[in-house]
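Top to bottom, those sequences are chains R and W. Residues in the first sequence are numbered consecutively from 1, following the working numbering. Residues in the second sequence are numbered consecutively from 1, following the working numbering.
Possibly wrong hints are sitting among the right ones.
[Said to hold, decoys possible] In silico lysine to aspartate or glutamate, EDC-like type, Cα no more than 20 Å apart, as pairs: (1) R:K11 <-> W:E92; (2) R:K249 <-> W:D86; (3) W:K220 <-> W:D265; (4) W:K220 <-> W:E250; (5) R:K249 <-> W:D200; (6) W:K220 <-> W:E230; (7) W:K222 <-> W:E264; (8) R:K401 <-> R:E371; (9) W:K183 <-> W:E27; (10) R:K7 <-> W:E152; (11) W:K220 <-> W:D200; (12) W:K258 <-> W:E218; (13) R:K249 <-> W:E27; (14) W:K67 <-> W:D207; (15) R:K21 <-> W:D164; (16) W:K183 <-> W:D150; (17) R:K11 <-> W:E152; (18) R:K11 <-> W:D104; (19) R:K7 <-> W:D104; (20) W:K183 <-> W:D164.
To be clear, the hints were calculated from the coordinates, so they are not data collected in a lab. Predicted model only: the values in this text are computed from it and were never measured.
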Amino acid sequence: MRARQIKAFVKRDLRLVFRDKAAVFWLIAWPLIWVFMVAYVFVPPGSVTPVKLEIGVVNMDEGSGNFTGRDLIAVLENATYHGDRLFNIHVYNETGEMISDIRRGALDAGMVIPRNFSRNLTVGSARLRVYIGFTDIRSASITQGVLRGFLDEVSTRIGLVKANITIYYMQRYMEEGGVYNQSRGDLVGFLRRYMIGIAMPLNTSYEEVRPEAFETRETIIGWYTLGAIGMMFLYTGFSQGAAAVYREKEAGTLRRILASPTTPSTLVTAIVLSNLVIFLITAAIVLLAGVYGAGARIVFDPANPAHLLAPILLLDGALLSLGIGMLLSPLAKTSQGASSLGIALGLMLTFTAGIWFPRQMMPAWMSVLAEYFPPTWVFDTLRNIMVYGVGVGEVLGDVAKIAVATLIILIGDVAVYRLRLRRYLEEA
Amino acid sequence: MIVEARDVWKRYGGRVVLRGVSLRIEEPGIYGLLGPNGAGKTTFMNILVGVASPDSGEVLVNGRPPKDPSVRARIGFSPQDPGLIDQLTGFENALFYAELYGVDPGTARERLIGIGERLGLPRSVLARRVGGYSGGMKKKLGVIISLLHDPEILVLDEPTSGMDPGARRELWSLLEELRGRGKMIILATHYMDEAERLCDRVALINDGAIVAEGSPGELKRKHGPRAVVEVAIRGGVDEAVESILRGEAERIEVLGDKALLHVEDPDRAVPRIIDRLYGAGRSVTLLHVRYPSLDDVFLRLTGRRIEGP
């Protein structure tokens with residue numbers, strides 16, 4: 001019976017939503033407008049937004065080989081992408097001082113070039129220690145990706161130079177009768193070290209290197225496609241959650257529904273479920289349009305355990321928005337008032353809590369809101385999984401945090417609705 | 001089925017809406033709640049169908065409170081506001097509610113078409129969105145919806161208000177038919193003709209309290225005058241006319257150029273009324289003797305009319 005009653009509400013509400021032009025506009029057209037604005041106006045095809053990283057370097061190398069620590073710093077300083085410098089280099093004397101600047105967010109990453117860097121690079125393999133600033137998964141992923149790509153490329157090129165030199169000298173010595181002033185055993189050991197050095201001189205990269213996690217046009221559109229869904233969830237969820245029962249009351253349907261065998265808890269469950277179905281349908285439409293119409297990079301691989309969390313997170317985002325909306329309902333007296341309050345608050349939080357604008361773009365005081373706003377946790381985690389390819393281990397903490405927040409909000413909703421339903425009927 | 005209310009009190013804000021209402025309905029038939037607007041009929045019905053709770057006292061249906069969903073499943077309720085959604089068709093509205101009662105959509109559709117045809121809402125109208133319906137059409141659909149799950153008890157709050165006379169008569173005949181099939185119908189109305197034609201028993205409600213209860217005949221015999229003489233006088237009813245008539249009737253009510261006189265013996269009273277009026281130089285343009293209505297009973301018990309002046 002309960003399932004049948006809930007099904008009746010879902011059918012009714014789907015009909016109502018898709019017959020209401022204004023609802024279709026706000027649920028589907030409005031988020032799509034923003035996705036396509038990002039894809040074709042703000043980040044048109046052929047354009048990218050390069051990232052400039054603040055990199056600290058401690059150079060302890062005192063060698064004078066073919067490629068020294070100073071040469072590496074010069075390469076870093078001159079690295080460009082489409083004419084834009086990739087790195088701002090800050091040279092430090094002490095590692096501790098540099099790490100402290102990374103901790104307080106002044107640097108994206110730091111690099112320590114060790115004492116025998118140039119010597120080891122010439123005769124074997126040189127170590128390079130890189131510290132990544134982990135302010136959040138997204139920034140860390142970008143920084144690490146850019147640096148790794150850059151240093152890998154540097155390594156490859158050094159290896160190539162060393163291989164050419166080796167071939168040159170081997171050829172020369174062979175031609176001159178194998179003149180070499182070391183014993184045969186030393187020669188084998190030297191060649192072994194040298195060859196390993198050719199294969200892995202350094203873990204580095206160079207020039208036009210853009211790893212997967214770099215901000216490509218596709219990942220930017222992917223980020224904003226999920227942002228558009230978040231925006232829609234927020235203003236619609238807040239508005240629907242706050243106004244749903246008022247609408248039933250004002251339409252005169254509430255009295256009739258509660259005179260039927262429908263219990264108040266079934267009514268609230270039905271309202272939530274019918275909205276969740278509507279949200280998931282519209283989210284799927286926006287996702288498909290974002291991927292196939294705007295070229296967003298949003299990956300869903302059912303074989304990846306992290307990706308299996310994505311639908312659950314999407315559902316959670318919808319539930320959180322509706323739940324917060326329901327908590328708002330006592331603040332209004334009519335469905336119009338509740339709906340306006342929900343839309344206004346939803347849009348305000350969309351733009352200030354990291355749903356639409358990346359929190360990295362916001363001033364520090366404003367980004368605090370994003371830190372404590374559960375729907376932002378949902379969409380940040382979704383982006384990390386579906387856009388940046390973060391593994392399940394890195395998001396489990398966030399998922400647990402989101403689950404706890406959802407539970408707390410739903411308990412609050414039950415308490416509010418128990419009181420409100422009685423009051424709605426007394427007023428009806 | 002037994003519906004019982006025991007000393008039901010209800011307040012909204014500081015206003016007392018029900019004052020110790022008690023009643024017991026045991027037999028199938030049509031039970032009327034008759035009273036003017038604001039008397040407390042709708043509040044009592046809301047409590048009866050489990051939508052509202054009494055502040056004190058209790059309402060029981062077969063010994064169980066109507067808050068129990070299994071009790072509500074046996075009641076069909078048609079509120080004053082039919083509770084229809086304008087963006088949905090008549091079919092969609094009705095089938096939505098039928099599903100809340102667990103009625104199979106095919107059965108509900110069949111019943112809807114059958115009763116709809118009878119009350120003047122044919123299939124073609126039911127297929128249209130309710131936003132285009134008149135008030136009367138909405139009211140009819142509201143009543144039909146309350147019948148779709150074939151309830152044992154039917155609670156109807158002002159079911160015919162806004163309906164055209166033809167549809168009213170058709171609904172009355174439908175309710176009489178349902179009574180014949182053993183249903184219990186509780187009907188709130190402020191229409192005298194409706195209550196007198198349909199109701200087997202009537203409770204007169206005034207200001208939140210039941211002032212009298214019984215069959216319409218009993219109530220009229222017990223509380224009403226023997227006859228009502230309606231007199232229209234050229235020039236209207238002024239103080240002089242009132243003082244002439246006061247001695248001939250136990251109660252006088254003035255309605256425009258007419259006076260209604262409650263009399264015990266019309267055969268003796270009528271000639272004297274005419275003599276005295278003509279003797280005072282006032283001419284009578286209409287004189288009509290009728291048996292008392294429930295409205296007259298209500299007037300006698302409460303000093304006010306049900307349908308307003």
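Each hint tested on the structure:
1. R:K11 <-> W:E92: 10 Å, holds
2. R:K249 <-> W:D86: 14 Å, holds
3. W:K220 <-> W:D265: Holds, at roughly 15 Å.
4. W:K220 <-> W:E250: 16 Å, holds
5. R:K249 <-> W:D200: 34 Å, violated
6. W:K220 <-> W:E230: Status holds; Cα separation ~18 Å.
7. W:K222 <-> W:E264: 13 Å, holds
8. R:K401 <-> R:E371: 12 Å, holds
9. W:K183 <-> W:E27: 9 Å, holds
10. R:K7 <-> W:E152: This hinted pair is violated, its Cα atoms lying about 25 Å apart.
11. W:K220 <-> W:D200: Since the Cα atoms of K220 of chain W and D200 of chain W sit roughly 13 Å apart, the hinted pair holds (cutoff 20 Å).
12. W:K258 <-> W:E218: Given pair K258 of chain W, E218 of chain W is violated - Cα atoms ~28 Å apart, limit 20 Å.
13. R:K249 <-> W:E27: Not OK: K249 of chain R and E27 of chain W at ~34 Å, beyond 20 Å, violated.
14. W:K67 <-> W:D207: Violated, because 25 Å separates the two Cα atoms, which is more than 20 Å.
15. R:K21 <-> W:D164: Violated, at roughly 35 Å.
16. W:K183 <-> W:D150: 9 Å, holds
17. R:K11 <-> W:E152: Since the Cα atoms of K11 of chain R and E152 of chain W sit roughly 28 Å apart, the hinted pair is violated (cutoff 20 Å).
18. R:K11 <-> W:D104: 15 Å, holds
19. R:K7 <-> W:D104: 13 Å, holds
20. W:K183 <-> W:D164: 25 Å, violated
In this structure, the hints that do not hold are numbers 5, 10, 12, 13, 14, 15, 17 and 20, in rising order.
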